[in-house]
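Student: Take a look at the letters that make up each chain.
Number of protein chains: 2
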Amino acid sequence: MKFWSEFYIPTLKESPADAEIASHQLLVRAGLVRKLSGGLYTYMPIGLRVMQKITQICREEIDRGGSVELWMPHVHPAENWEKGPRWNAAREIMFRADHAGSGKKAGAEPEFVLGPTHEEVITPLVKAEVSSYRDLPKSFYQIATKFRNEIRPRYGLMRAREFVMMDAYSFDADDEGAIKAYHKMKAAYEAFFKRVGVLAIAVEADTGVMGGSFSHEFMVPAEVGDDDVIYCEESGYAANREKATSGLVATDFVVAEPIGEIEKFATPGVTTIKGLAREPHNIPADEQFKTLVYIGDDKPFLVLLRGCDDLEEAKLGTLGFTLVRPATPDEITPLMGAKPGSLGAVKDTLKAADQLAGVFADEAIKLVGNGTTGANEDGFHLRNVNVTRDLAITGWGDFRTVKAGEPCPTCGAPLKSRRGIEVGHIFKLGTKYSECFAATYVDDQKQSHPMVMGCYGIGISRTMQAVIEQSHDKDGIIWPWAVAPFQVLIVLLDPAMEEAATLAKTLGVAAELAGADILIDDRDERPGVKFKDADLIGVPLRITIGGRGLKNGVVEVKWRHESEVVQIPVAEAASRIAALVEQPASA
Amino acid sequence: MKFWSEFYIPTLKESPADAEIASHQLLVRAGLVRKLSGGLYTYMPIGLRVMQKITQICREEIDRGGSVELWMPHVHPAENWEKGPRWNAAREIMFRADHAGSGKKAGAEPEFVLGPTHEEVITPLVKAEVSSYRDLPKSFYQIATKFRNEIRPRYGLMRAREFVMMDAYSFDADDEGAIKAYHKMKAAYEAFFKRVGVLAIAVEADTGVMGGSFSHEFMVPAEVGDDDVIYCEESGYAANREKATSGLVATDFVVAEPIGEIEKFATPGVTTIKGLAREPHNIPADEQFKTLVYIGDDKPFLVLLRGCDDLEEAKLGTLGFTLVRPATPDEITPLMGAKPGSLGAVKDTLKAADQLAGVFADEAIKLVGNGTTGANEDGFHLRNVNVTRDLAITGWGDFRTVKAGEPCPTCGAPLKSRRGIEVGHIFKLGTKYSECFAATYVDDQKQSHPMVMGCYGIGISRTMQAVIEQSHDKDGIIWPWAVAPFQVLIVLLDPAMEEAATLAKTLGVAAELAGADILIDDRDERPGVKFKDADLIGVPLRITIGGRGLKNGVVEVKWRHESEVVQIPVAEAASRIAALVEQPASA
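Residue numbers (our numbering), protein chains in the order written: chain A, 1 to 587; chain B, 1 to 587.
Among the clues, some could well be false.
If you only want the chain B side, here are some residues facing chain A, beta carbon under 7 Å, derived [as the list claims (entries may be wrong)]:
id : residue
1  : Met44
2  : Asp98
3  : Leu513
The calculated DSS-like cross-link candidates involving lysine-lysine, where the alpha carbons are at most 27 Å apart (straight line), are [what the hints assert, rightly or not]:
id : chain 1 : residue 1 : chain 2 : residue 2
4  : B       : Lys13     : A       : Lys138
5  : A       : Lys446    : B       : Lys127
6  : A       : Lys138    : B       : Lys180
7  : B       : Lys184    : A       : Lys505
8  : A       : Lys446    : A       : Lys53
9  : B       : Lys138    : A       : Lys505
10 : A       : Lys127    : B       : Lys184
11 : B       : Lys446    : A       : Lys13
12 : B       : Lys180    : B       : Lys138
13 : A       : Lys127    : A       : Lys184
14 : B       : Lys138    : A       : Lys13
15 : B       : Lys184    : B       : Lys274
16 : B       : Lys53     : A       : Lys53
17 : A       : Lys127    : B       : Lys35
18 : B       : Lys138    : A       : Lys53
19 : A       : Lys532    : B       : Lys138
20 : A       : Lys13     : B       : Lys127
21 : B       : Lys138    : A       : Lys35
Everything labelled a hint here was simulated from the structure, so no lab data went into it. Note that this is a predicted model, so its numbers are computed, not measured. All C-beta atoms in this analysis are idealised placements derived from N, C-alpha and C, irrespective of residue type, glycine included.
Produce the complete structure using the sequences and hints provided.
Tutor: Rendered as structure tokens:
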């Protein structure tokens, strides 16, 4: 039981200027956090209480999932990362740490980095500890601060430089075991989000720089989310847009009838799909080929799409390059012989085909017959281009962005799209890290194999903010019971009145024994201020003592998520409140 | 209830080569930590459990002491420190953090630092939040990782680059309030160390680079400690040697009879106190003056001591310089006109008196009459030097190291000395930080004043190791009940035997209900291995099930700190064990 006057909850009337979204505004206004610097926040007392509750629920569920808790250093020797498989991709997002007196030259490799995640630490640790199949499977997790050098931190705790994450790592003897570990962890995540009281949906996701064979993200649907989720209400299909597929693409090629002969034609000043779709050319976007130039690990490659489709850059990850970026106009022109806007991949027009790492075609171009593409000559295009006959394709894949309305890949019903906040991610990593760090085990035939790994993350601080984003109204936060900083707020209208103060303590003790955390608002403030603050900080159950009610022998009880105020006779208050508390507390 | 086979406790027979002290060896051998790199340790599952228990006890006691928990960032903007009062002194011990792409030049000021403590963050925070006397007093604390760029990390968690600390900060309207806050915190510390089960003695301490008016350290007596504690068994006086005083010094000057005239004499090749004490000079060390040259904030100053005394460098902190260091021979010779070994502070021989920031004399030289000192001329000394008549003293102080055997400053009994591990520190800071950050409040007369601060630290990870250092034997750790990773270990001699396994679970549940954490050793290992591991990891209460005992209808019970094994009939085991658990659990 805490007293507001001795505790510290600095509520604010105004939102800070840099808070663009409701949850960020409420984090600050309800006194949960204070900003130290961009992306660096102090968790104020009630913010920390929520974090501790989310942490404890996470610990219990991940424990139940069979993982064992440990705690790794925040500062990592850079050499662990240099040895690992993703130093080049990850170094830009990491803080580097050095001594004041290290005498390092600018641009030199740092001695230490601050960990954004811990594969590079736990894999060598497990390698040193575990060597026999008898010691497997093993799964370890920690709940700890992570660091990410966000260039543009924003949205409060959503994209911060410091954040708290649960990260888990599983080590199995074989693929079957790893898949079992993956599903055990997925179930633990589902239990966690349910207990926290937030709706988080598992969606198929891209594995990105982490690598690995497959993964799911846990998404909290919210308009302010950074990610698009493509989903089907019929089949239950759900995937991050970066990973989503659709039923649009036929496996067979569309064959134009009749197939025309290639013709070059002048298109002066036309350098866009839209331009070619207008007068005088009138070529619909879905009858055009889009030719993009990318650089993969220093070698250029082409990506072909329908003119009406957009590239989903994350999908280029399947090509196996470590670093991928769009080529610059200065790189494109000498390579292709033309500026962007007149590019194409028709066999004879590709002057530097031998310099290319490949020409990768999106499956959807199979739907184009007698299409139009650039002639690799400024101001000229080619018509009657047909895929199998004319294009110098070396590989196929799914590279396009799936849009709402396309058919579901599972059932054909129209797909929908909504934005979401990523609060968790699970990866089946395979042997990418264990091979790199030689984390092997010996089987019962004395044969050595790399361990098969999985890795798993839950954003603890992000989950706190996602809860607020999903559960608030115009007056403030509406905390789910399990993670509320306090579950019961007893408002004393006149704290100096001894009878009221004694009753508050009696009811507080009764509610505490029933399993709730109690805050008594004993401040010397007007009732209006107290009720506004109560709504703002979002304590689920409010009990008001004092005023006319107390004279009439009643206390007032109100749930934050309901508008009704219920009057309870003082004599019954302790038992009635205990009963109210026991119900959600045991949920 | 955990099962050893599903948990992870990697015990080792051998100590790591770099572990010099017992507690460091046991941390590793009992599987509590693993080294990632110098001064960076992973807390393995049972190590983390102990840390979490110590953390929770600390939280409860500091809460009880009236401080409110929050959680500040690990990464601090360097500008906070540049604005603060100790940037120059603290920067060398801090990690600097930058982006990979920050383009900072080597030697440039870093953008961020990793916090070794948080005065520079909390003072501006409280300044922004609190402005009226009505909001005071306030006290905040956190339990969080701290970073220190140790050049030579050693002794495991004792001197590490990352460590966990409880740090608290109190803000009061006046000195009286600050002293009250200080004593409240001191009481909370005493309660904490008592509950943890470690003997920690509060001793007077130097305020060092932290600054402030007075402070106490909490010391765990241990031979491997870094600090010397000077104490008196009669009066209870106790102080860090850096701060200790003795009753040796009379307030009156000893006057030589007769007072001689100063005489210069040749001392070729004699440049030490010892040399002058030998043939042919035979001048006892306590009749010599020792003259030391130091640099304080770029200006030289002299310190005068008796030849038999040592300088306690920390005591120079009272002189008010920000940075103090010994002068180099290259700085000394031109200043004094002679090399070290022939220096003195006799008025006429001081050639560059105007360049000195002062000549500071230790009180004990009052005991010297007709003394000998250097002539500021290589190879010459002066005899018949008398303090008040001859020496160019500008200030007095206590600068000498107190030794065991000297009289207690309180009661005169002989002082004793022992080594200790510092596990906590409390400072009355005064207004050093609040003035620097303009953390002021307005009183009821609308007058503005700087808040009066205190700051407080407990080394959580260090306390864990100090417990081990204080409580172990040749076989392993002997955990105090309250912080043991598990309190009861049930050893199954034959885990495959169903009757034994069922009994283990029954007894485990009984002990758990009585308030203990239970570990069941269900590994497929020989009994000898299990008993050795049980002693090594130091679980307080061991219950053995199986073998001949079980055939005879008994289980064996043994306390880790006792040698006796008690046999209990199976039928009584659950209730007897519950009774054993309830006693220490409620202590």
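Student: Holds or violated: Met44(B) as interface residue toward chain A, Cβ cutoff 7 Å?
Tutor: holds (5 Å)
Student: Taken at face value, is the distance from the CA of Lys505(A) to the CA of Lys138(B) at most 27 Å?
Tutor: holds (23 Å)
Student: Are Lys184(B) and Lys505(A) close enough, with their CA atoms no more than 27 Å apart?
Tutor: Given that 27 Å is the threshold and the Cα spacing comes to 25 Å, the pair holds.
Student: Quickly compare the C-alpha distance for Lys138(B) and Lys13(A) to 27 Å and report which way the hint goes.
Tutor: holds (22 Å)
Student: Under the criterion that the straight-line Cα-Cα distance not exceed 27 Å, is the pair Lys180(B), Lys138(B) satisfied?
Tutor: holds (12 Å)
Student: Between Lys127(A) and Lys184(B), is the straight-line Cα distance small enough, at 27 Å or below?
Tutor: violated (48 Å)
Student: Given the proposed pairing of Lys13(A) with Lys127(B), does the C-alpha separation stay at or below 27 Å?
Tutor: The hint holds at about 19 Å.
Student: For the pair supplied as a hint, Lys127(A) and Lys35(B), confirm whether the alpha-carbon distance does not exceed 27 Å.
Tutor: holds (14 Å)
Student: Check whether the Cα positions of Lys184(B) and Lys274(B) lie no farther apart than 27 Å.
Tutor: Violated, at roughly 49 Å.
Student: For the pair supplied as a hint, Lys446(A) and Lys53(A), confirm whether the alpha-carbon distance does not exceed 27 Å.
Tutor: The given pair, whose Cα atoms are some 46 Å apart, is violated under the 27 Å limit.
Student: So if I understand the rule, the pair passes when the alpha-carbon distance is 27 Å or less; does Lys532(A) with Lys138(B) pass?
Tutor: It holds: about 24 Å lies between the C-alpha atoms, which stays within 27 Å.
Student: Within 27 Å, alpha carbon to alpha carbon, are Lys138(A) and Lys180(B)?
Tutor: Judged against 27 Å, a Cα distance of about 51 Å means the pair is violated.
The structure does not agree with the numbered hints 3, 5, 6, 8, 10 and 15 stated previously, though it agrees with the rest.
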